[in-house]
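Protein chains: 4
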Amino acid sequence: MRKKDDEKQKNIKEAVIKLTLKEGFHGTSISKIARKAGVSPATVYVYYENKEIMLQEIYLEYSEQVFNHLLSKVRNDMDGKELTEILLRSYYNYIQENEEIFRFVDQFSSCPALANSCGEKKGIKDLNRFLDEQKKNKVIKDVHNYNIIAIIFSPIKSIAINHCIREEEKLKLLKEIITVIQSALLL
Amino acid sequence: MRKKDDEKQKNIKEAVIKLTLKEGFHGTSISKIARKAGVSPATVYVYYENKEIMLQEIYLEYSEQVFNHLLSKVRNDMDGKELTEILLRSYYNYIQENEEIFRFVDQFSSCPALANSCGEKKGIKDLNRFLDEQKKNKVIKDVHNYNIIAIIFSPIKSIAINHCIREEEKLKLLKEIITVIQSALLL
Amino acid sequence: MRKKDDEKQKNIKEAVIKLTLKEGFHGTSISKIARKAGVSPATVYVYYENKEIMLQEIYLEYSEQVFNHLLSKVRNDMDGKELTEILLRSYYNYIQENEEIFRFVDQFSSCPALANSCGEKKGIKDLNRFLDEQKKNKVIKDVHNYNIIAIIFSPIKSIAINHCIREEEKLKLLKEIITVIQSALLL
Amino acid sequence: MRKKDDEKQKNIKEAVIKLTLKEGFHGTSISKIARKAGVSPATVYVYYENKEIMLQEIYLEYSEQVFNHLLSKVRNDMDGKELTEILLRSYYNYIQENEEIFRFVDQFSSCPALANSCGEKKGIKDLNRFLDEQKKNKVIKDVHNYNIIAIIFSPIKSIAINHCIREEEKLKLLKEIITVIQSALLL
DNA sequence: TATGAATGAGTGTTCATTCAT
DNA sequence: GATGAATGAACACTCATTCAT
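Protein chains in written order, with the numbering used here: chain A, 1 to 187; chain B, 1001 to 1187; chain C, 2001 to 2187; chain D, 3001 to 3187.
In short, the hints are calculated from the structure, not lab data.
Keep in mind that this is a model prediction, so the values were computed, not measured.
Worth double-checking, as some hints may not be accurate.
Unchecked claim - Listed next, the in silico DSBU-like pairs over lysine-lysine satisfying Cα-Cα at most 35 Å (straight line): (1) Lys2175(C) <-> Lys3018(D); (2) Lys2172(C) <-> Lys3141(D); (3) Lys2172(C) <-> Lys3172(D); (4) Lys1008(B) <-> Lys1032(B); (5) Lys136(A) <-> Lys172(A).
Build out the structure end to end from the sequences listed, making use of the hints.
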């Protein structure tokens, strides 16, 4: 693939995410995407077999991203307190800094008609491996990974994506919830 | 003059929820709804001004329901342990028993194009009042309500709606997460 | 028929005329008419068999009106100059004072799909009789009535219904065209 | 990339005009137009942004035509009598030979909901220029152009479009009205 | 008489996709 | 590879009209 093409595909991806946020999957049509991306509707089909596959591919690509981001921030030699703090704050920051992508992925996940596979993704596998090691090292309580992930990420997400709370209020909530979660997970 | 037929409206609501789950908001068209509800497409417009208002109204009606359910299960004389256990298990059970409605509401909430109001709903107001009282009585830690709700409900939800875990496994996770959450919230 | 009913029918007629002007026959639906008239759509069918008949009846009623107006203004003992002046000015004034009705009738007449009958109306019969008498009395030239009517009314109409000319300019045009028409028709 | 097919657009235009005459703007739907033009309803939207713009564009195109026709028939060296005769007969013939287009334009003009602009068209500008010159050369009376046009064209039109008069009778009326109009306009 | 509920048939328009270039 | 033309199928919605009260 030439450079030119990559540019086009990037534009398409960005158009999909922006439009999905503004108008929902409902209002995101191929021709609108094409218009926003500056290409012809037919060109979209050069890069993706059809609309559903396009959405799935874009979703998969971006849904991995957050895990890589998180894993890049932690190290094995951190103690439990530092580890959870870093993990939680990194997750919060990721959402803030990648709001459009995050909301796209989130919206996609909540739609049973789109995201119904049980296939475990690569990113989460790495995270699980990391958590297992931490439990072995007695850094965090011996709780099922699924529960650790649930208790770590869901509350942060609900703070981060709320549009009705001001930034500074959010940071206070974040600080508080970190303490609460630490008291839940640390030995 | 004929009277409005409650049966018809009920059928429409059920059709909306079932179709939204199967096909997303995307694939839920007025004519499909009408067909499933056994009425003419035009009849839908006797009960709802347009599609968007229809979805909003159905969403609002059902999004309140869970709070009423939870509040009906708890009493002021419960101690912290009992209280959290009841709250968490009731929430889990509500999701299991009202899966379709819950997923509809959840999907709706995750769609920025649909649910973008900040207006606090009546149900959550009652819950906030209840939590304030519990904190005053030293039953639970003095943590901001927003965080309490986040840490209580989000993890339970992520267990309950997961379609890839078997029922018995879910119950084990539930039992475990209850202990974890209790250690986070109780004094 | 009771008084109440006449009121309703009057409201319907007025709604038809106002809506037709604003939105064309195209945008004038029974339910819009009913809403504007303050009755139920079904009530319209109490007074008119169906939409087409309703339009025809209203058209017929109002299309007669102008002739009665004109004939009420002229007398047999007028000389040619006075007669034409009165006729032309009365026509102009009628259009100005009954703009909505006039435009409704005009729009209806121009639509081959609606007004395609050749049946001579009563009003025009009276006018023809009057013109015949004037010709016999050598008040106006011996020209076919159809042409007299055409040359008298069409130019006036085109001045009167023009929305782009100011009132005072219209009156100047009217004064001038009266002289021109007089030089065409008077002996 | 396929090229736009002029044949298709021509078929659409013809379908619009024929249907509008038969059924009024009221009954002229995109799907009927498409069926008559032998294309898909969606194809209409390749050529026109929406229905209203489509009608406006077709109207504008054809409403100019008559002026060009008239101006092509007259020359500056004609005397007043010849000039008016040519003008009036050409107008009459144009209507007879382009009945569908003429009635379409006429119907459109009479509908306030559609034709409500005051913008002077190019065709009428040329005609005005021509009339000014004739007045300067003392060929016709010094009467406001608006009145000249009104008195020349409206009566002819009312003869030409009448469906209840036979052809030969029309020609007699035409001959007569020409004399009448000449006596009105010539010095 | 009067009405709101109900509807099959239609509206204008957009859709995802394919075709021809 | 890239594209605008083209389309059958679907969309949300409104229509004129009838029905039950």
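So which of the earlier hints does this model not fit?
1
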